[in-house]
Amino acid sequence: MRLVVVGQGPAGMLTADWACRLGAEVTVVAAADGSLGLWSGAWDFRNFTDSGEVIRDPWQWWELHGREHGVGWTREHWAHWWTRWRRTWEAAGIPLAGGEELPSHNRFTPTAVGRMVPVFVCPAWQWAVDEPEPVIWVGMEGLADAPIELAGARFRALTGMAASEVCLPKPDAWAPHWSSLAWAVYVESGEGRRWLSEALTRALGGYAGSSPVLMPQVLGEDGCETLIGELEAALERPVREYPLLPPALGGIRIRDRWKRALKRRGVSSITGTVDAVLKDGVHLRASGASLPADAVVLATGGLLGGGLWLSAAGELLNTATGQTVVWSGRMDELAVAGIDTDGTGYRAVGRVVGGFDSDRHGDSGAVNLYTVASAIEALFGKQTAMEGWGTERGGNDGP
Amino acid sequence: MDHSDACLKCTICITACPVYRKDGAFPGPKALGPEWHRRSLTGSADPMDRVEDCTFCQLCEVACPVGVPVAHLIAEHKAAQLSEQPWPIRVRDTVLTHPEWVARAPTLARAPAPVSRWLRLSTGSRRPSMRKAPVSRPRRTPGAGRPRAALFVDCFDRGFDQEALTAAQALIEVFGFDVRRIPRTSLCCGAAAYASGRVTQAGRQAEAMGQALRGELDGDEVALITLNATCQGTMADEWSTFLGLNGLPVPVLPFHVFVLQYAPDTFWSALAPTQADPGDWTWTHTTCRGRRQGDGALFQMARRAGMDQVEPLDLECCGAAGSYAFKAEHAGTAHDIGRPAAEQTQGRTGVIWVDSGTCAVHLEQLTGRAARHPAYWLWQAWQAGQAASKGPNPPNPAIARG
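From first to last, the protein sequence lines stand for chains L and V. Here the first sequence stands for residues 1 to 399, numbered as in the numbering used here. Here the second sequence stands for residues 1 to 402, numbered as in the numbering used here.
Only chain V is shown next, with the shape it has when bound in the complex (with noise of 0.2 Å):
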C-alpha cells in the first residue's frame, strides 16, 4: 500500500474516530493501524486487543494529512486476528461476510433468540426487514437513442428493499434514460469481507463481482448508479487501491450525484413537498463511506426538491457500519456513536433521507424517524407532484401504473 509508513505521528486521525470518542478503552487508529504497521515490519506483529472494534468507516483516512491508508492497515491488522476467535463468531462473520447470501435469502435476519445469542448476533440492535409494498413504476420498452444507464443492485437492497430499486430506475427513467439493473445474480463487491479482516475474501468476492459487471455492461452507460454508498466507494476506490483489480468500464456514481447532475430544471419543478405538515423536518445524513465522496449534496437535493425544512443530522458516522451494530460485542458502541441523532430529532415530526440501508435501519431504531434512501423520498415527490399537477382527476397512467 502507498503511504503506509507515512505517518507523522499528529494525531489527527484520532480525533476523527468516532469509535475513540465513544469508548476510553480502544486504542485509536493511530495506535492500530501505523504503528502496529511499523512493528508488523520488524516482526513483532501481535495483534491488539480491540482491533476488531474499528468499524472501518475510513473517517481516518480522510482526515490524514499525508494519505496513510490508516483503515486498510487496520484491516491488516484484523487479518492476524482472525484465528484467535471462538468459532461461534468465526460462523457468524462467514455469514455476515457473504452478504450476497444474505441478499438471496432475506429470512436470514430472522435468526431466532436462541440462535442468535449463541452467534453473538445482537438481540438490542434492529434487523432490516422487508419492505414490502412495491413502488409502482411505469413499464418503458428500451427507445432507440436514448441514453443509458445502469443501476447497481446492491446486496441491501436486493434482500430488503426492492422499493428503493424500483423509485431509483423509475427516477431515472423519468430523466430520459433507459435503465438496466445489474448484476443479474446476487454478488458482492468486497466491501463487508474487507472491514472485517478479510482481506484474500475480499479480493475473490469483487473479482467475480468485476467479472460480471463486465459481462453485463455494454460500456455505452453513462454510469452505473449505486444506492449504497459503501459499495461505491469499494468499487470506485477500493478495487484498483487495494485489491490489484481493474477498474470498471464507466464511472461508478452515487444516486445524488447523478442526480444532481442529470435531473432536468423541469423535473424539480414538477416537485411537491411530501411531508404531511408544513412543519416537518427532512434530516439528510451522508454515510462515513460516502464522506469520500463528498458531504452536502443530499442536503442540497433535498433542498432542490423544495422541501421546506432541511437539517443535517450532526453525525460523522451513524455506528451502523455495514453489519457492525448486528454484532453483539459491538452493538453498545453503535448506538452510542448514533445517539446524537435521536437527541437532535428529539420532539420534532420528519423523515430521514439516508444513502445506505443498514444505516437507514439503525436510525430508525434510534429516532424512531422514517428513514429511507433518497430515491425513495424523491420518487414520492415526483409522484405527489404529478398528482397535483392533475388537480382531483386520477393521476397520469403513464406515472402510475404499475
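One chain only, chain L, in its complex shape (with noise of 0.2 Å):
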C-alpha cells in the first residue's frame, strides 16, 4: 500500500511510523515543520472533567465516560495501543519517565512557573512525580523564560512543600538572544559541561538530603541523557528538567530523534501543500504535481498547522478553504470517516480532530493515540492492527 501522510506534527509521524512497520510504503508530505518544536512531549490520558476537576485515573474515565465522546475502546484496547506508542518512541530513541509499565494512573509535572499540572506519559528527561515532594529549582541569569523566584513561591504555595531556589550566573559565552535553544547548545559544548557542572556543584554546596534538582529545559538535545548522568553522579541526587516555553527543547529532541528513525526505515518525505485528495493520489499546490497514493492520511490540526476545525455549531471547517468538510456529525465516525473528495475518502486524525477539547480536558496523547489508531486499524484491518506487529519491517520492539 502506497500511503500519503499530510501533516508531521505528533499525529503524522506516529501515522507514518505504524504504517511503514505494518508494510506500508510511506511519503509524508508536509508544508511545514510541525508543532513538535512548540511542545514538551508530554502525552495526556485525560487530565480533567468537563467541570476542571483533576483526574487521577485516566483509565476508569474513559471506561465510564468514553462512549460520551464516542470512544468505545476498553481498558486493554487502550492498554495496547499505549504500549505500541510507547515501544515506538523506545525504538526511536525517545526514553520515557516510569519504566516499563504503563502508569496506573497520572502523574505530576511541573511548569516553568511553578505549577503542578497532571500528566500521563512524558519523556524521562522530564520531571514527573506521583506526589509533590521538596525540591531545588534551578534557574540561570539571562534566562527569563525560568523565573525561579516566582516558580518557587507558587511551588510552595500550592504543594505545601519545600523548594529552594538557585540562580546560576550567567556563563562568559552568553549573549542577550540566547534562546532555550541557544543554552542548549552552550551546554552542550565542552565548555559549556564544563560550566555548568561546576556553578552546579558551587550553588548546591550547602544544601543537605537528596532533593531533586529541577534544571529549566536546556540540558543539551542528543546528548542531554549522558549529561543528566553526568550531573547525577556528580551532585549524587536527581537531576530532572522543568519544560519552558517555546522553543521547547522536549519536542526537538522527539521531533530530530523520530525523524532519524522513520528516514532510516525509509519512509520519505515531501515539503509542500496537499490541495486536493484525488482516486490515485494527492495534488500538490505549487508544484502542480501529483504523488500517488493508495490511501491518504490528513494530520494537519496541530496547534499551527490550521487544517480541521470543528466550530462552536459543530460544523467541521478545513482552516485553508474555509469549506465546510462533509461528516455525519458522530464523533466516533469522524477520525474513520472517509471525507469526500472527488469520491475518494481519507482520513483524519491529530487532536483537532472530532468533537474532543485537548486544550481544557488534556488529553491530546488520547486522542492522538485513539485518532491515529482508528485509521491504522481502518487501513489495515483490525486484526494487523492489534496482531500484525510480528512482521514489523525494520523494527526490532516486536513483542
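Everything labelled a hint here was simulated from the structure, so no lab data went into it. Take the hints with a grain of salt, since some may be wrong.
What the hints assert, rightly or not - Partial selection, computed: residues in chain L whose CB lies under 7 Å from chain V:
#1 A32
#2 G37
#3 A173
#4 H177
#5 A182
#6 V185
#7 P247
#8 R260
#9 K263
#10 S269
#11 I270
#12 T271
Stated by the list, open to error - Below, a list of computed lysine to any residue pairs in the SDA-like style, where the Cα atoms sit at most 25 Å apart:
#13 V:K9 - L:K263
#14 L:K263 - V:G368
#15 L:K263 - V:R291
#16 V:K9 - L:P147
#17 V:K9 - L:A175
#18 L:K170 - V:A25
#19 V:K390 - V:Q380
#20 L:K170 - V:M48
#21 V:K22 - V:R126
#22 V:K9 - V:R38
#23 L:K170 - L:E191
Glycine included, each C-beta is placed from N, C-alpha and C at the ideal position.
The task is to assemble the complex, starting from two chains supplied on their own in separate frames and drawing on the hints.
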C-alpha cells in the first residue's frame, strides 16, 4: 500500500511510523515543520473532568465516560495502543519516564512558573512524580523563561512542599539573544558542560539531603541523557528538567530522533501543500504535481497547521479553504469517516479532530492515539492492527 | 515578497537552523530575517553583525508554518551590508558569485596559499579538483520517435565533474531517451549571487541563463534534468517567486526524481551491487536545498539499486552550502555542521551518494569516504551488471565503447 500522510506533527509522525511498520510505503507531505518543536513532549490521557477537576485515574475515566465522547475502547484496547506507542518511541531513542509498565494513574509534572499539572507519560528527562516532594529549583541569570523566584513561591504555596531557588550566574559566552535552544547548544559543548557542572556544584554545595534538582529544559539535545547522568553523579541527587516556553527542547529532541528513525526505515518526505485528495493520489499546490497514493491520512490539525477545525455550531471546517467538510456528526465516525473529495476518502487524525477539546480536558495524547489507531485499523484491518506487529519492517521492538 | 510580514514569532525557524545549532553568537533566522525586515520597514535597517554567517540553506523557510520567506529576507539583509565589507572579501565574493567563470577556468580553484590568505579563502576546506578519468558512454545517434530530455550542465560539473554529467547522460539514454546537454556556454542560474545577498546580480545572471535555455530547449523535452539541487531549486522556484522571471517551458527535475519516475523495471533488475565488500555501506545525503523537493528519494533509489546496507546521513545540511565552506570566516562553522557525518561513518567502510558537487567535496574531506553524485554510482552499478551478465566475456561493446 502506498500511503500519503499530510502533516508532520505528533499525529502525522505516529501514523507514518505505524503504517511503515505494517508494511506500507509511506510518504509524508508537509508544508512546514509541524508542532513538535513547540511542545515539551508530554502525552496526556485525560487530565480534567468536563467541569475542570483533576482526574487521577484516566483509565477509569475513559471506561466510564468514553462512550459519551464516541470512544468505545476497553481498558485492554487502550493498553494495547499505549504499549505500541511506548515501544515506538523507545525504538526511536526517546526514553520515557516510569519504567516498563504503563502508569496506573496520572502523575504530576511542573510548569516553568511552579504549577504542578497532571501528566500520563512524559520523556524521562522531565520531572514527573506521584506526589510533590521538596525540590531545588534551578534557574540561570539571562534565561528569562525560567522565573525561579516566582516558580519557587508558587510551588510552595500550591503544594505545601519546600522549594529552594538557586540561580546560576550566566556564562561568559552568553549573549542577550540566547533562546533555550542556544542555551542547550552551549550546555552541550565542552565548555558549557564544564561551566554547568562547576556552577551547579558550587551553588549546591551547602544543600544537604537528596532532594531532586529541577533544571530548566536546556540540558542539550542528543547528549541530554549523558549530561543528566554526569550531573547526577557529580551532585549525588536526581536531576530532571522542567519544560520552558517554545522553542521547546523536549519536542525538538523528540522531533529530531523520530524523524531520523523514520528516515532510516525508508519513510520519504516532501515539502508541499496538498490541495486535493484524488482517486489515485494527492495533488500538490505549488508544483502542480500529483503524488500517487492508495490511501491518504490528513494530520494537519495541530497547533499551527490549521487544517481541520470544529466550530461551536458543530460544523467541521477546512481552515485553508474555509469550506465545510462533510461529516456525519458522530464523533466515533470522524476519525475514520472518509471525507469525500472526488469520491475518494481520506482519514483525519490528530488532536483537533472530532468533538475533543484537548486544551481544556488535557487528553491530547489519548486523542492522537485514538484517531491514529482508528485510521490504522481502518487501513490495515482490525486483526492486523492488533496482531500484525510481529512482521514489522526494520523494527526490533515487536512483542 | 509574499508573506514577508507574516512572522508569528513561533521560533520553529531557529530550531531548523544549522548555524544556530553550532554557534551561540549567531542571532538566528528569526532575528536576521523577519525581525530585521520589520525594523527596515520603519526606516532603521542598519545591518546586524553576523548576518553574512547565514548559509542560505533555506531550511528555515521549509520549517516556517506561515510561509515567511525567512532566508530571502536574510539575503536582503545581507545586501544592506555589502558595501561595508573589506575589499579583498569583495574581490573574493565577486569570483565566488560567478561560478560560471570558475567553470570556464577551473584552475581558479587552485589559488596559491598567499593569494588564498589575502582573499580570505579557507586553507582548511578542501577545494574541488578535476575528476580525471572520463566515464565511457556508448555513442548514440538521435533516433526518430525516441522521447527527448535535456541535461542541465551546472557550473560545478562543467568545471570539475564531467564524469557525473557523462554518467547521467549515459543512464538517461539507457532509459530510452535522446539527451542533449544545455546550456552550451558556461552560465550561472544566479544561486550563488543570491546566497551572498547580491540580488540584482543574481537577477541578471538568471535572466541570461533563462534566455539561453529557452533558446536551446525545443519544448518537447520531457524534462530539464539537473545534477545539482541548488540550481534545480533556483530555476524551478526562485526565478518566478523572487526574481520575477518566467519559468522554463519544461519541468526542471532533480536527477533522482527523474530516474525513479522514468527508469524501466528492466533497468533496476540489470544492476549489480558495486560495493567491494558486502559489508560496505551506502550513505545517502539529500542536500539542504534538495529538501524542498523532499527527502528520502535518494535513499529509495539506493535501495532500489540493490545496495545492501543503506543509511541516510544524520544531517539536515552538511555545511558546504555552495561556497560557504571555502570562506575563511565560515570554514569552522561549516566543518562543525558537517561533523556528525564523520562520527556516523567512523569505523565503517562505504561510499556517499549526494546530489551536489560542493557538498560531495566537503563530505569527502570530513568523512574520508568517497562522495559522488548518484548518477556516477548508478552508472557503476549498471556497468557492473552488464559485465556480470556477460560472464567472463568482454563487456557489451554497445555499452563499453567510449
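Tested hints:
no., hint, verdict
1, A32, "4 Å, holds"
2, G37, "4 Å, holds"
3, A173, "6 Å, holds"
4, H177, "5 Å, holds"
5, A182, "5 Å, holds"
6, V185, "6 Å, holds"
7, P247, "4 Å, holds"
8, R260, "6 Å, holds"
9, K263, "5 Å, holds"
10, S269, "5 Å, holds"
11, I270, "4 Å, holds"
12, T271, "5 Å, holds"
13, V:K9 - L:K263, "29 Å, violated"
14, L:K263 - V:G368, "24 Å, holds"
15, L:K263 - V:R291, "13 Å, holds"
16, V:K9 - L:P147, "21 Å, holds"
17, V:K9 - L:A175, "19 Å, holds"
18, L:K170 - V:A25, "15 Å, holds"
19, V:K390 - V:Q380, "16 Å, holds"
20, L:K170 - V:M48, "24 Å, holds"
21, V:K22 - V:R126, "21 Å, holds"
22, V:K9 - V:R38, "12 Å, holds"
23, L:K170 - L:E191, "13 Å, holds"
Hint compliance for this structure: hint 13 alone is broken.
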